[in-house]
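**Student:** According to the working numbering, the stretch in the sequence shown is residues 362 to 625, in order.
Simulated from the structure, these hints should not be mistaken for laboratory data.
Mixed in with the good hints, there may be bad ones.
[Unchecked claim] In silico DSS-like pairs for lysine-lysine, Cα to Cα no more than 27 Å straight-line:
1) 619 with 565
2) 447 with 423
3) 612 with 515
4) 515 with 565
5) 571 with 612
6) 619 with 606
7) 619 with 571
8) 515 with 598
9) 565 with 447
What you are looking at is a predicted structure, and each value in this text was computed from that prediction instead of being measured.
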Amino acid sequence: VMRRALSYAGMIGIPVIHHVEDLDLAGEGVMNEGEFATRLGLPGVPHAAETIMLERDIRLVKLTGGRYHAGLISCRESLDVLRRAKEEGLPVTAGVSINHLTLNETDIGGYRTFLKLSPPLRSEEERLALVEAVASGLIDVIVSDHNPQDVEQKRLPFAEAAPGAIGLETMLSAGLRLVNAGLISLPRLIRAMSSGPASVLGLKAGTLAKGAPADLAILDLDEPWFVDAPQLRSLSKNTPFDEAKLTGRVKMTMVAGKIVHSYR
362 VMRRALSYAG
372 MIGIPVIHHV
382 EDLDLAGEGV
392 MNEGEFATRL
402 GLPGVPHAAE
412 TIMLERDIRL
422 VKLTGGRYHA
432 GLISCRESLD
442 VLRRAKEEGL
452 PVTAGVSINH
462 LTLNETDIGG
472 YRTFLKLSPP
482 LRSEEERLAL
492 VEAVASGLID
502 VIVSDHNPQD
512 VEQKRLPFAE
522 AAPGAIGLET
532 MLSAGLRLVN
542 AGLISLPRLI
552 RAMSSGPASV
562 LGLKAGTLAK
572 GAPADLAILD
582 LDEPWFVDAP
592 QLRSLSKNTP
602 FDEAKLTGRV
612 KMTMVAGKIV
622 HSYR
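Please model the complete structure; the sequences and the hints are all you need to start from.
**Tutor:** Take a look at the structure:
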C-alpha cells in the first residue's frame, strides 16, 4: 500500500506524510521503553517501533522516487536513518514536535496524563539529539502536534488515557526556550515553523517575500508569562506546559492580511 501511495503521489508531485510507527511493535506501550517506564510500572514503546517503519519507508522512497515526509521523529536511531537518506539525495524530509524538543520522559513525573503523547516523550539524551538535528537542518519542520482531548479522556489512569496535547498557543514560546539556551538560532527556529512546513507542502507561504500572502505574526520576545490552562483560547485544556513560566509571546497574528488574533 505504501509503495503504491508513493508512486501515485509522485506522479502528481505531492508528498506522502506518514506517522512513523509500527503498531505491532508499539503494542500496548504508553511511554518510552526503558528504566523510567519500568519504575512507573508502565509498558513501553521501543525505538524500533519508529525506526523500523522509517527504514522501510525510506527503502520504498528509493524504489519509487516519491516524495516522503516523516511526520514526527522522536529518537536518535531515526535521525541516523534520515541522515543516510538525505546523503543519498532522496526526496525525504522530517518533522519533530515542540513537545519532544522541550520535554522528556521524566516530565511525566507522577503519571501526568497531559504528557502522554504519540510517539512518547523520550530520554533527555534523545531530546538533545533532536534539538541538534533541528539546529543543523537535518530536521526540516517543527510542529505543535496540537491534539485536543476532553477532560474525560485525560482524567484516567495513565495507561488508559488518550494520547495527545494542545500546543498552538505555547509552541513559539516553548521554542524560544531553546533559543534563549543558545541551542538553536532564532532564524532557524522561525524557519522550521514557517517556510519549512510550507516548502514540504509546496505552498507559497511562510515568507515575507514581495507578493506573498500577508501571513504575519508580531512577537514580543522578552515578555514573560505564566501558562494558566483555563485562560488558554483552546476549548480543550490538555497542555503539557500548564503552570510553566515562559518568555516570549505572540501579540498579533495576521492571515492573508486579516488580523485573526490579538493579545493585549
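**Student:** If a hint holds in the structure, say so; if it does not, say that too.
**Tutor:** Evaluated hints:
1. 619 with 565: Distance of about 17 Å is within 27 Å: holds.
2. 447 with 423: With Cα atoms ~11 Å apart, residue 447 and residue 423 stay inside 27 Å; holds.
3. 612 with 515: violated, 30 Å
4. 515 with 565: violated, 38 Å
5. 571 with 612: holds, 23 Å
6. 619 with 606: Given pair residue 619, residue 606 is violated - Cα atoms ~30 Å apart, limit 27 Å.
7. 619 with 571: holds, 17 Å
8. 515 with 598: holds, 10 Å
9. 565 with 447: holds, 23 Å
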